[in-house]
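As they're listed, the protein sequences go chains A and B.
Residues 1 to 507 (the working numbering) are what the first sequence spells out, left to right.
Residues 1 to 350 (the working numbering) are what the second sequence spells out, left to right.
Mixed in with the good hints there might be a few duds.
Claimed, not checked - One side only, chain A facing chain B, incomplete, derived with CB under 8 angstroms:
id: 1; residue: Asp24
id: 2; residue: Met335
id: 3; residue: Ala353
id: 4; residue: Ala367
id: 5; residue: Lys368
If you are wondering where the hints come from, they were derived from the structure by calculation, not from laboratory data.
These figures come from a predicted structure and were not determined experimentally.
Even for Gly, the Cβ is constructed at its ideal location relative to N, Cα and C.
Spelled out, the chains give:
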Amino acid sequence: MDNSVVLTMRNINKNFPGVTALADVDFTLRFGEIHALMGENGAGKSTLIKVLTGVEEFETGEIRMQGIEHPIVNKSPQMAQEIGISTVYQEVNLCPNLSVAENLYVGREPKKAGIIDWKTMNKKSRKILEKLNINIDVTRSLDHYSIAIQQMIAIARAVDMSARVLILDEPTSSLDEHEVEKLFDLMRQLKKNGVGIIFVTHYLEQVYEVCDRITVLRNGALVGEYEVEMLPRVQLVAKMMGKDFDDLAAIKKEDSSVQKDKKGVIIEAKDLGHTGTIKPFDLLLHRGKVVGLTGLLGSGRSELARVIYGADKADHGELHVKGNKLLVGAPIDAMKAGMGYLPENRKEEGIIADLSVRENIILALQAKRGMFKLLGKKEQEDFAEKYIDLLQIKTSGTSIPVKQLSGGNQQKVILARWLLTEPEFLILDEPTRGIDIGTKTEIQKLVLKLAGRGMSVMFISSEIEEMIRTCSRMIVLRDGKKIGELEENELSQSGIMKAIAGGTENE
Amino acid sequence: MNKLIKLTKYRLFLPITCLLLVLLINVIKTPTFFNITINNGVLYGYIIDVINRGSELVVFAVGMTIVVAASAGTDISVGAVSALAGAVCCYVLSGGEQSTDFYHAPYIVGVLAAILTGMVCGAWNGFLVAKLKIQPMVATLILFTAGRGMAQLITDGQMIYLRVEHFKMLGASIPGVPLPTPVFVAIIVVIITMLLLKKTALGLYIESVGVNAKAARLLGLNSTMIQFLTYTFCGIMSGIAGLIITSRVYSIDANNAGLNLELDAILAVALGGNSLGGGKFSLIGSVIGAYTIQALTTTLYAMSISADQIPVYKAIVVVIIVTLQSPEFARMRKNITAKFSNKQNMKEAA
Ligand SMILES: Nc1ncnc2c1ncn2[C@@H]1O[C@H](COP(=O)(O)OP(=O)(O)OP(=O)(O)O)[C@@H](O)[C@H]1O
Ligand SMILES: [Mg+2]
Numbered sequence: 001m002d003n004s005v006v007l008t009m010r011n012i013n014k015n016f017p018g019v020t021a022l023a024d025v026d027f028t029l030r031f032g033e034i035h036a037l038m039g040e041n042g043a044g045k046s047t048l049i050k051v052l053t054g055v056e057e058f059e060t061g062e063i064r065m066q067g068i069e070h071p072i073v074n075k076s077p078q079m080a081q082e083i084g085i086s087t088v089y090q091e092v093n094l095c096p097n098l099s100v101a102e103n104l105y106v107g108r109e110p111k112k113a114g115i116i117d118w119k120t121m122n123k124k125s126r127k128i129l130e131k132l133n134i135n136i137d138v139t140r141s142l143d144h145y146s147i148a149i150q151q152m153i154a155i156a157r158a159v160d161m162s163a164r165v166l167i168l169d170e171p172t173s174s175l176d177e178h179e180v181e182k183l184f185d186l187m188r189q190l191k192k193n194g195v196g197i198i199f200v201t202h203y204l205e206q207v208y209e210v211c212d213r214i215t216v217l218r219n220g221a222l223v224g225e226y227e228v229e230m231l232p233r234v235q236l237v238a239k240m241m242g243k244d245f246d247d248l249a250a251i252k253k254e255d256s257s258v259q260k261d262k263k264g265v266i267i268e269a270k271d272l273g274h275t276g277t278i279k280p281f282d283l284l285l286h287r288g289k290v291v292g293l294t295g296l297l298g299s300g301r302s303e304l305a306r307v308i309y310g311a312d313k314a315d316h317g318e319l320h321v322k323g324n325k326l327l328v329g330a331p332i333d334a335m336k337a338g339m340g341y342l343p344e345n346r347k348e349e350g351i352i353a354d355l356s357v358r359e360n361i362i363l364a365l366q367a368k369r370g371m372f373k374l375l376g377k378k379e380q381e382d383f384a385e386k387y388i389d390l391l392q393i394k395t396s397g398t399s400i401p402v403k404q405l406s407g408g409n410q411q412k413v414i415l416a417r418w419l420l421t422e423p424e425f426l427i428l429d430e431p432t433r434g435i436d437i438g439t440k441t442e443i444q445k446l447v448l449k450l451a452g453r454g455m456s457v458m459f460i461s462s463e464i465e466e467m468i469r470t471c472s473r474m475i476v477l478r479d480g481k482k483i484g485e486l487e488e489n490e491l492s493q494s495g496i497m498k499a500i501a502g503g504t505e506n507e
Numbered sequence: 001m002n003k004l005i006k007l008t009k010y011r012l013f014l015p016i017t018c019l020l021l022v023l024l025i026n027v028i029k030t031p032t033f034f035n036i037t038i039n040n041g042v043l044y045g046y047i048i049d050v051i052n053r054g055s056e057l058v059v060f061a062v063g064m065t066i067v068v069a070a071s072a073g074t075d076i077s078v079g080a081v082s083a084l085a086g087a088v089c090c091y092v093l094s095g096g097e098q099s100t101d102f103y104h105a106p107y108i109v110g111v112l113a114a115i116l117t118g119m120v121c122g123a124w125n126g127f128l129v130a131k132l133k134i135q136p137m138v139a140t141l142i143l144f145t146a147g148r149g150m151a152q153l154i155t156d157g158q159m160i161y162l163r164v165e166h167f168k169m170l171g172a173s174i175p176g177v178p179l180p181t182p183v184f185v186a187i188i189v190v191i192i193t194m195l196l197l198k199k200t201a202l203g204l205y206i207e208s209v210g211v212n213a214k215a216a217r218l219l220g221l222n223s224t225m226i227q228f229l230t231y232t233f234c235g236i237m238s239g240i241a242g243l244i245i246t247s248r249v250y251s252i253d254a255n256n257a258g259l260n261l262e263l264d265a266i267l268a269v270a271l272g273g274n275s276l277g278g279g280k281f282s283l284i285g286s287v288i289g290a291y292t293i294q295a296l297t298t299t300l301y302a303m304s305i306s307a308d309q310i311p312v313y314k315a316i317v318v319v320i321i322v323t324l325q326s327p328e329f330a331r332m333r334k335n336i337t338a339k340f341s342n343k344q345n346m347k348e349a350a
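Excised from the complex, chain A in its bound form (with noise of 0.2 angstroms):
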């Protein structure tokens, strides 16, 4: 084995009932590089990270590590910790109800005459918190923290643990550029001590800014392995897509004709508001809007949404949709009023992991519809397809549970569940988290359609290049308060940035 190189991986064959998850799939990652690991949902990245890992097992095929004799095969993720493998997968599963630093410390908590020393582990903890910038309560449940914090925290834990090499399965989907910035720095200063780093995400410009390699993979099989400088952009998407693609070409917003006046107004909120996470606001959303929340990461976006939504009960102020007064005692209130809400949290809110595919698109409308009126099996078949199709949703079929598909193609499925459901009035918090490049765009092209036919969309993302692609209006939050709104015209890249970071307070 070449000296520079940490890890290969050689002919790796994995395959799960109905799909071929890897098929004879080459890996090679070398000492401080940090290596983008690319392809679209369901490509097999996160099945090559699990079975270099031990998550999962492999059927065929080789890998070998520098300074160990023989093939290795990890059985478990500690097997492969103790050979000097970190990892931070893609979905966070860290223990919700254990405190900060207890998750960061758990199966090696610092100890003093046998029993926990829980001084040095808050010590400790709060220290290599600092590192990433993020000052939080360490003694607190981890519970209490959005999936962002969770995100850095699960970070933090995996680079804490000396390794050579370190895997990051898209750490940065809910991350704000912000923390990206943050995080980058870290990967640099370990690439710098010679740890390979390998790196999975969907933003192409993360890739070009941090990324040394990129290794292709699409259905399973590997395109090939570039130098970042040998493989623009354009060509990058080409690879990943298996054709020629313009992610960036501009997509049309298309100009309803619905006035702002009083007559397109579907939800006011008036004073609204919920102690403890968003302060009281006046909002109006109209018809045929996109409407995005900005702010900085714990600012107020996703508790604003859920306030309306009824996810938080509100308990200050009133909320009217479409001039009525609403009580939304539950969700299921403002459902019935034709809301829907795709939340942020994909695995602790969205789907329901061991219920099908079918099952988990048809839900919210059944709910709406009601215990008594059960969809038929044909008719929850047809609904199942049709999405399946719209949404390119990658699966052997209707009736596998939906814990197996791949973290993209999960998204996609509850995004179907709310379109399904028609709603006039669509709260999207992160929608397109984990969604490849090809289908983003499409993504973004459907929000548009749906409020070029009248639907009232408010979108988040931490993404503010989407944001500018679709929204009409941002509302822009500073701790967990609304402090001003921008109009169409003063959407920029810039004149966002300055307005969330607080240049501009136009109450």
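Given chain A, put chain B with the ligands in place with the hints provided.
Frame of chain A, contents of chain B with the ligands only:
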């Protein structure tokens, strides 16, 4: 559709195998096991006995299955609640007398009283679990301990005897009908529950709430209400089981009626291939599980093992069956078959 049938078949494969295994042991140990005789137009035999005696357990298991599916917890109060329901029924019908040979109130009133008692108990459990979010085991522990005490209060610490022929029919048989009545009760309960689960969206709702209550709430399901309903339903089942139990001995013995049956009911659910972690479930699996346990009990009796030793043997068999169904074992099995098929593939390729 075809695929679906295959899937259910696969899921029930192990429970059915277990049942067959127990039956096989029966036939070897007791060659007369499947013999059925007719006496006075009524069928007799070991196998009839299993189906008959297993009826209460089936009814309990139906309620337990749904509770487990929706709340990932068990209702350990079902045995005690059935005793309480039986006590209420006997008290109503006997007019508070210790022994009577005629009804003091219409039979139907007694039946309804028992079912209502079960329902109220179930609703109480449901309130604690679904609304107050108390751990199911802890929440139902209250009635587990207090239920029999309350039954004692009602019966004044005595047995109540109802020496009325009509009262015995539910637990024995109706003249002219060759099969014991409890069998029919069990069948009706299973059918109605199946209809309720499959012809409405209730089954889907219960599974959704059991798998991910948070997500279920956000997509419009009332998780609290659904969990509450499953406990209430389970209470009703305990009430019905209590009626059969009291009718069998035409009396109520608050100390012993339905004793330890909560454990058998939980076991039946597990033997049916259902995860005690909630979520997806198979009602038929639990029914098969219930009959498996009853067949086992009957075998042990047939082998004249004394009643106090039976739990030991039961435990051994249960350990074996549960191991067979464990995920770790399933993985091993899968690996072995995978290796086998790989070898075959290689041979074919060569
Ligand atoms: N446990 C499983 N059972 C069956 N099929 C699976 C399982 N896990 C993954 N698959 C299938 O393997 C294929 C590859 O999935 P994988 O998760 O590796 O994709 P990915 O490249 O990580 O996609 P994404 O960008 O969406 O995360 C998909 O078709 C998926 O449905
Ligand atoms: Mg993935």
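Comparing the hints with the structure gives:
Interface hint at A/Asp24: violated, since its Cβ lies 15 angstroms from the closest Cβ of chain B, which is beyond the 8 angstroms cut-off. With its C-beta approaching chain B no nearer than about 5 angstroms, A/Met335 sits inside the 8 angstroms limit, and its interface hint holds. Interface restraint check for A/Ala353: the shortest CB-CB distance to chain B comes to about 6 angstroms, inside 8 angstroms, so the restraint holds. The closest approach between the C-beta of A/Ala367 and any C-beta of chain B is roughly 3 angstroms, which is under the 8 angstroms cut-off, so the hint is satisfied.
With a cut of 8 angstroms, the hint placing A/Lys368 at the interface with chain B holds, because the nearest CB-to-CB distance is about 6 angstroms.
Checked against the numbered hints listed earlier, the structure breaks hint 1 alone; every other hint is satisfied.
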